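As given, the protein sequences belong to chains E and H, one line each in that order. Take the first sequence: its position 255, counted from the start at 1, is 255 in this note's numbering, and no numbers get skipped. Numbers in this note's numbering are just positions in the second sequence, counted from 1, shifted up by 1000.
The hints are simulated quantities; they were obtained by calculation from the structure and are not laboratory data. Note that this is a predicted model, so its numbers are computed, not measured. Treat the hints with caution; some may be incorrect.
Computed far set for chain E versus chain H, every beta-carbon distance over 12 Å [as the list claims (entries may be wrong)]:
1. S87
2. R88
3. G100
4. L123
5. W124
6. R130
7. Q212
8. M241
9. S248
10. S255
11. P338
Simulated crosslink set (SDA-like; lysine to any residue; CA at most 20 Å straight-line) [as the list claims (entries may be wrong)]:
12. E:K198 - E:R175
13. H:K1039 - E:R205
14. H:K1039 - E:Q60
15. H:K1039 - E:T206
16. H:K1039 - E:N207
17. E:K198 - E:Q60
18. H:K1039 - E:R175
19. E:K90 - E:G106
Just the calculated beta-carbon pair ranges, DEER-fashion [unchecked claim]:
20. H:L1070 - E:G139: 52 to 60 Å
21. H:L1028 - E:R88: 49 to 57 Å
22. E:W105 - H:L1070: 19 to 27 Å
23. E:I94 - H:L1060: 39 to 47 Å
24. H:V1020 - E:T95: 34 to 42 Å
25. H:R1074 - E:R88: 27 to 35 Å
26. E:P127 - H:D1087: 53 to 61 Å
27. H:L1027 - E:L271: 55 to 63 Å
28. H:A1034 - E:S184: 34 to 42 Å
29. E:G106 - H:D1087: 27 to 35 Å
30. H:G1041 - E:S128: 41 to 49 Å
31. E:R88 - H:F1016: 26 to 34 Å
32. E:I80 - H:L1028: 47 to 55 Å
For each residue, glycine too, the CB sits at the ideal point set by N, CA and C.
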Amino acid sequence: MTREIFISGEHQRRDGDAEPAPRRSSGAVRVGVPLSAVPLIVSCNGIQSALDPAGEEARQVATLFWVMTVGGLAIWAGVIALALYASRWKRGAITTEAAGRLIVWGGVVFPVTVLTALLAYALWLMPSLRPFGDQTQAGLRVEIVGSQFWWRVVYHRPDGSSIVSANEVRLPLGRRVEFSLTSSDMIHSFWIPALGGKMDLIPGRTNRLSLQPTKSGTYRGQCAEFCGRSHALMAFPVVVMQPGDFESWLAARASASPGVVESRSAETLFLRHGCGDCHRVDGTQARGTSGPDLSHVGSRLTIGASLMTNDAETMARFIAHSQSLKPGSLMPTYLDMPSADLDAISAWLKGLQ
Amino acid sequence: MWRLLPKEVESLWTLFTAPVVWALHFLLSYVGAAVFCEKPGLLGEDFDNLRVAIGLITVLSLAVIGVSALLAWRQWGFGTGDPPHDDPTRRDRLLFQGYATLLLSGLSFVAVIFTALPALFITECLR
Ligand SMILES: [Cu+2]
C-alpha cells in the first residue's frame, strides 16, 4: 500500500478510462495485464479505494476505518509510552498491590471498556449500512449475476421493464439503488470499494445490497472472492451519472442498437461463427445467454470485464486470443478465424453503440 | 447465605461451567436468529420477540456465570490467597483451580455480553 503512493500517477484518474490498455504483443500480454492492474488495486485514493469514498455507505465504512485506526494508534502509543516509562525513566520496584491495580485497570477494565465502545459503535453503524427501502416503493433495482469471469447486469426499472447489459454498471447520482446479487456457477463477491462494502454472490441464493452514490465519476468494481484462474481479471467499470443522463442512457439501451444494420455481412459472419449460441445481440438472431449480452457492447468503456479499453483492435484481440488474455474463461479462442472475418465482426461489434 | 450453595465443589468440571454457558448462549443466539430469519413463521414473526428472547437467555447465562464465579471465589478463599499457587500441595491445587475458574468466569461474562450486543442494535432480519 505504501510503496504504491510513491510510484504510479495512474490512480489519480477519475473521469477517464477505467483501465490502462495493455498494448503489447500477445506474448507479453499474459504478464502485462495483471501487472497493469496492480497500481489500481493497491492505491489509497482513486477509482478503487474504500478510503476515497464516492458513496454514502463507503463514507461510513471509511469513517469506521479511521475511528478504529486512530483508536488503535492511541492505545499503541499509550502502551509504548508505558513501556518506555517502566524500562527507562522509572526503573525500580513497585509494590505488589500497585502491580495488581495496574493489571486490573490497565489489563482488564480499560480493554473491556474500549472494546465494548468500539464494538457498540460498529454495530450501531450496521443498520444504516443496510437501508433497504420498502419493497413496494423501491426505485431502480439492479440484478447482478456473477459467472466465470464476467457479470450479467440487468436494470429493473420501477415500471417493471428490464434492460440487460454486462460487465459495466451505471448508476444515477444521489439515488438509492438496490442490488440483488446471485451467481450462476460459484461464489463470487461484488465490491465497488468507492461506493460501499462488498457482498457475496452465492449460487441458489439472492443477496441484497443497497448503495447510494454521492459523487459522479468512473470507478472500478472487482470480484472479491477467488473464483478461478482469471478471478483477478473479473472486474467492471462503474459510471455514476447525472440522473437525467442516466435515464436517457438507459432508454437508449431498451431497443436494438442502430449499429446492427450497419453491416449485414458482419452480422451474418457473427452468426455463422456460432457467436450467437452464447451471445445475444438485440435485433438479430443471436439469442445466446451463456455469455455477456453484446447488444450495445461498442459503448462499454472496457472489453472483457475491465480487461482492456474498448476499441475495434482490442475487440479483435479479445475474440482471437481470449484464452491467453483470460485463462480459463468460457469464451473460446478464434485463432483460426480469417482476419477479414475477425476485422469485420470486431468493427461491427464496436459499432453497436 | 453460603448455605444455599454446595458446601464444597471439588471437580474439574466447575472450571468449564462458565465457558460452556458462553458456548451454549452463543449457539442459541446465532442459530436462533439464523432460523428465525431463514424460516419465516417457524419461530414467530416479530423480530422484537427474538431480541427479547436473546435478552432473556443473556440474563440467564450471566446469572449462571455469576454463580460459577461466586463458587470459584469461595474456593479461592475470597481473594485472601497469593497467586500463583504453584506448590505441589492439595491446597495449592484447589486454590489454583478456584483462581483459574474465577478468571474464566470473568472472560465468559464479557463474552456473553459481546455476543448479545448485536441484538441491541439490529432491528430487522435484513438490518
Ligand atoms: Cu468472480
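ask   = Does the Cβ-Cβ separation between I94 of chain E and L1060 of chain H fall within 39 to 47 Å?
value = holds, 41 Å
ask   = Given the proposed pairing of K1039 of chain H with R175 of chain E, does the C-alpha separation stay at or below 20 Å?
value = Violated: K1039 of chain H and R175 of chain E sit about 32 Å apart, past 20 Å.
key: Claimed clearance of chain H by R130 of chain E, with the beta carbon kept past 12 Å   = Answer for R130 of chain E: violated, closest chain H Cβ roughly 5 Å.
key: Consistency of beta-carbon spacing, G139 of chain E to L1070 of chain H, with hint 52 to 60 Å   = holds, 57 Å
query = Does the Cβ distance between V1020 of chain H and T95 of chain E fall inside 34 to 42 Å?
reply = holds, 38 Å
message = Given the hinted pair K1039 of chain H and N207 of chain E, is their Cα-Cα distance within 20 Å?
response = Holds, at about 16 Å.
inquiry  = If I claimed the Cβ atoms of R88 of chain E and F1016 of chain H lie 26 to 34 Å apart, would that claim hold in this structure?
reply    = violated, 43 Å
request  = Could you say whether the range 19 to 27 Å given as a hint is met by the Cβ separation of W105 of chain E and L1070 of chain H?
outcome  = holds, 23 Å
Distance restraint evaluation - I80 of chain E, L1028 of chain H, Cβ atoms, bounds 47 to 55 Å = violated, 41 Å
query = L1027 of chain H and L271 of chain E, beta-carbon distance inside 55 to 63 Å?
reply = holds, 58 Å
No chain H beta carbon within 12 Å of S255 of chain E's = Given that every Cβ of chain H is farther than 12 Å from that of S255 of chain E, nearest at about 35 Å, it holds.
ask   = Is S87 of chain E truly not at the interface, in the sense that its beta carbon sits beyond 12 Å from all beta carbons of chain H?
value = holds, 24 Å
Violation of the numbered hints given earlier is confined to hints 3, 4, 5, 6, 14, 18, 25, 28, 30, 31 and 32; the remaining hints are satisfied by the structure.
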